[in-house]
Amino acid sequence: MHVHIDQPKCVASGQCVLMAPDVFDQDDDGIVELLTDRPGPEHHDGVREAAAVCPAAAIRLEEG
Amino acid sequence: MTETLPDTPAQLPEHPMPRAAGCPFDPPPALRELQSSSPISRVRIWDGTTPWLITRYDHVRTLLGDPRVSADTTRSGYPHRNAAMLAREQDQRTFLTMDDPEHARLRRMVTGPFAIRKMEQLRPDVQQIVDDLIDEMLAGPNPTDLVTAFALPVPSLVICRLLGVPYSDHDLFQRNTQVIVRRTSTPEEVAGATRTLTDYLDDLLTVKRKKPEDDLLSKLATERVETGEMTQREAARMGVLLLSAGHETTANMIALGTVALLEHPEQLALLRESEDPAVAARAVEELLRYLTITHSGRRRVATADIEIGGQVIRAGDGIILATDIANRDPEHFPDPDRLDITRDARRHVAFGYGVHQCLGQPLARVELQVVYSTLYRRIPTLALATDADELQFKHDGLVYGVYELPVTW
Chain H
1 MHVHIDQPKC VASGQCVLMA PDVFDQDDDG IVELLTDRPG PEHHDGVREA AAVCPAAAIR
61 LEEG
Chain R
1 MTETLPDTPA QLPEHPMPRA AGCPFDPPPA LRELQSSSPI SRVRIWDGTT PWLITRYDHV
61 RTLLGDPRVS ADTTRSGYPH RNAAMLAREQ DQRTFLTMDD PEHARLRRMV TGPFAIRKME
121 QLRPDVQQIV DDLIDEMLAG PNPTDLVTAF ALPVPSLVIC RLLGVPYSDH DLFQRNTQVI
181 VRRTSTPEEV AGATRTLTDY LDDLLTVKRK KPEDDLLSKL ATERVETGEM TQREAARMGV
241 LLLSAGHETT ANMIALGTVA LLEHPEQLAL LRESEDPAVA ARAVEELLRY LTITHSGRRR
301 VATADIEIGG QVIRAGDGII LATDIANRDP EHFPDPDRLD ITRDARRHVA FGYGVHQCLG
361 QPLARVELQV VYSTLYRRIP TLALATDADE LQFKHDGLVY GVYELPVTW
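Chains as they are written, first to last, in my numbering: chain H, 1 to 64; chain R, 1 to 409.
Accuracy of the hints is not assured; some may be wrong.
[Stated by the list, open to error] Which stretches of chain H does chain R cover? Using the computed rule of at least three CB atoms under 8 angstroms from a CB of chain R, they are:
| no. | stretch |
| --- | --- |
| 1 | 12-22 |
| 2 | 48-54 |
[Unchecked claim] In silico DSS-like cross-links for lysine-lysine, where the CA-CA straight-line distance does not exceed 30 angstroms:
| no. | chain 1 | residue 1 | chain 2 | residue 2 |
| --- | --- | --- | --- | --- |
| 3 | R | Lys-118 | R | Lys-211 |
| 4 | H | Lys-9 | R | Lys-118 |
| 5 | R | Lys-219 | H | Lys-9 |
| 6 | R | Lys-210 | R | Lys-118 |
| 7 | R | Lys-118 | R | Lys-219 |
[What the hints assert, rightly or not] Now the in silico label distances, taken between C-beta atoms and shown as ranges:
| no. | chain 1 | residue 1 | chain 2 | residue 2 | range |
| --- | --- | --- | --- | --- | --- |
| 8 | H | Asp-28 | R | Pro-166 | 19 to 29 angstroms |
| 9 | R | Thr-206 | H | Asp-25 | 33 to 43 angstroms |
| 10 | H | Asp-6 | R | Arg-68 | 11 to 21 angstroms |
| 11 | R | Glu-331 | H | Gly-40 | 26 to 36 angstroms |
Just so you know, the hints here were simulated from the structure itself, not pulled from any lab data.
Since we're looking at a predicted model, the values are computed, not measured.
Think of the CB as a built atom: it goes at the ideal place given N, C-alpha and C, for glycine as much as any other residue.
Just need the whole structure built from these sequences, with the hints factored in.
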């Protein structure tokens, strides 16, 4: 899985950090930051959920 | 493309619609009917205009995420909630009713303090506030009103700390916020309450500019107002938004959530008997979904023709996104009218969706998680001190809840 984020789109809802705290973080303005763009399989469900709930569609996943 | 011509405005269903008697937690039955029969259809609102009412979860998310759908209340066609809100929204604009890029620029000035890490740092303080208020309540009269003794003070104390507002002024901001969110307030009353709150925040910003402390208002004062990036009045309006939204909504979730749990004792037992924080976190999401207290819907206006669900929403048409019934969409939430705190409800749209999704949601989550995991464990005998039928629900509120909640233990 390859994770892409679009920081200009991010609205700092923080939900990705709740869903996958080992993959997503926030900067001082609450904007999304990636801790890794190739998360291990144990994080895949959380990352998919994060992408699904992101209100700004700022998370894009390449599966495989 | 099939397009059914709207009936004449007089024949269209009126919005808002009434809830069914004896079903205070369920959205109006007419919304359920529209969701299954004509999920994108016109309704008639207070000013005689006929915006679209969107009732299915997928459509609600799609439209709230569409950049052609505007939150700008000054655009022609925007479906205002009532005359008072129409008047207020013209001269009390915040990023809530602006579109990007201006919305994003202003919102980002205040997103930092609500980051998840900051909220986790705040959690012990929230726990302390909740524990202290429960101590006070137990030492006070029994029965008591849970709204004034607990539901309002918890989020008010927390948001005061975050913003740097003296809690001793809580009467002033709670009372004026009540006026603003009451559907029956006159335009003059709403304008007066708004002015009072803005003046109050304006004065506070003057103090913060001279003597900044470690709080959000000081940050706005020193980093935005002093630098000329925004006027003090603009910062004051932003402060009013954060202060009002920061206490009123969560207070309603605490009180109404308590009624819902007391009326579903098997669910309350599940919550009370578990020490796992994940159980309380799930319960919070389910109660947010089940209660969806922002029952007047999210309001928008189309800036271009939009095809959706076999209909065409024309540029300039008003749109009401009924998030309460969307959160009861059986396509996404099986057995949707059942309160089930064990279900995974995280995809609900109770905080809205799209770029305007609630900025304070991380704070609301921490507050509600602490409250729901503490209150019923500390007071296991908590019960209504009146018949559930006697409770006064906020049918007339922009945000749903109960006016008073007499409880005993």
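Do the hints match the structure? See the list:
no., hint, verdict
1, 12-22, "holds (count 8)"
2, 48-54, "holds (count 3)"
3, R:Lys-118 / R:Lys-211, "23 angstroms, holds"
4, H:Lys-9 / R:Lys-118, "21 angstroms, holds"
5, R:Lys-219 / H:Lys-9, "24 angstroms, holds"
6, R:Lys-210 / R:Lys-118, "25 angstroms, holds"
7, R:Lys-118 / R:Lys-219, "15 angstroms, holds"
8, H:Asp-28 / R:Pro-166: 19 to 29 angstroms, "27 angstroms, holds"
9, R:Thr-206 / H:Asp-25: 33 to 43 angstroms, "36 angstroms, holds"
10, H:Asp-6 / R:Arg-68: 11 to 21 angstroms, "19 angstroms, holds"
11, R:Glu-331 / H:Gly-40: 26 to 36 angstroms, "32 angstroms, holds"
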